Amino acid sequence: EPEVTQTPSHQVTQMGQEVILRCVPISNHLYFYWYRQILGQKVEFLVSFYNNEISEKSEIFDDQFSVERPDGSNFTLKIRSTKLEDSAMYFCASSERARTERDKNIQYFGAGTRLSVL
Amino acid sequence: RKEVEQDPGPFNVPEGATVAFNCTYSNSASQSFFWYRQDCRKEPKLLMSVYSSGNEDGRFTAQLNRASQYISLLIRDSKLSDSATYLCGHNQGGKLIFGQGTELSVKP
Chain A
25 EPEVTQTPSH QVTQMGQEVI LRCVPISNHL YFYWYRQILG QKVEFLVSFY
75 NNEISEKSEI FDDQFSVERP DGSNFTLKIR STKLEDSAMY FCASSERART
125 ERDKNIQYFG AGTRLSVL
Chain B
955 RKEVEQDPGP FNVPEGATVA FNCTYSNSAS QSFFWYRQDC RKEPKLLMSV
1005 YSSGNEDGRF TAQLNRASQY ISLLIRDSKL SDSATYLCGH NQGGKLIFGQ
1055 GTELSVKP
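Quick note, the sequences are listed as chains A and B, same order. Those letters in the first sequence? Residues 25 to 142, per my numbering, in order. Those letters in the second sequence? Residues 955 to 1062, per my numbering, in order.
Note that these hints are calculated values from the structure, not bench results. Predicted model only: the values in this text are computed from it and were never measured. Idealized CB from N, CA, C, for every residue including glycine. A few of these clues could be false.
[Said to hold, decoys possible] Selected chain A positions facing chain B (Cβ under 8 Å, derived; list incomplete):
#1 G40
#2 L54
#3 Y55
#4 K66
#5 S72
#6 F85
#7 E120
#8 I130
#9 A135
Just need the whole structure built from these sequences, with the hints factored in.
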């Protein structure tokens, strides 16, 4: 069964450092997403990406964050200067292109990257 | 009012019990709803999607009440392996908005 893969599974970094979280979405999917879950809290939307550009981003996704699809398979999330409060699980998700209504697209999640900022 | 609100639980039930969770949402324009299951420190996994009044899959039944803006999940004959956190979410223009999840613990 095709799946979304994320690397690394755990990333430890010092405050102020840049991190890049990597994702390989399901191969025939065209919509890509990043979500974040701080320990003990709910899963929160960060950004959606379609056709090589950001479709929508949340208030959390400020200038410190960026996304990129550098090639035909990878989808990355970069945090330029990490803060302690960026410590969280980061989930990548993907969904097929819409047949009728985009809202009905099922999103499949990767196993996540646990980011620890020290 | 929160966009999606769930009773955090935990719900502690014996094996074989029937348990129901409710989820309320504030956006009356929402059309698509989902129940995901999340095991501890793992990714959300889709359990069920609900686009009309409800959906059923084996022991799991989801009901949508648009007038009252809530969606429910019923689990019949619960198994030990059903122990997890159940996330209610709706799709808003392509992004998923989740509640904080309801924790279920099924005991022998």
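Verification of the supplied hints:
Checking G40 (chain A) against chain B: minimum C-beta separation of about 26 Å lies over 8 Å; hint violated. Of the supplied interface hints, the one on L54 (chain A) is violated, with its beta-carbon coming no nearer than about 11 Å to a beta-carbon of chain B, more than 8 Å. Proximity of Y55 (chain A) to chain B holds as hinted, the smallest CB-CB distance being about 7 Å (cut-off 8 Å). Satisfaction of the interface hint for K66 (chain A) is found here, the shortest Cβ-Cβ separation to chain B being roughly 4 Å, below the 8 Å cut-off.
The beta carbon of S72 (chain A) comes within 6 Å of a beta carbon in chain B, closer than 8 Å, and the hint placing it at the interface holds. A cut of 8 Å between beta carbons decides the hint on F85 (chain A): the least distance to chain B is about 11 Å, and the hint is violated. Interface hint at E120 (chain A): violated, since its Cβ lies 12 Å from the closest Cβ of chain B, which is beyond the 8 Å cut-off. The closest approach between the C-beta of I130 (chain A) and any C-beta of chain B is roughly 6 Å, which is under the 8 Å cut-off, so the hint is satisfied.
Taking 8 Å as the C-beta cut-off, the interface hint given for A135 (chain A) holds, the closest approach to chain B being about 5 Å.
Violated hints for the displayed structure, listed by number in ascending order: 1, 2, 6, 7.
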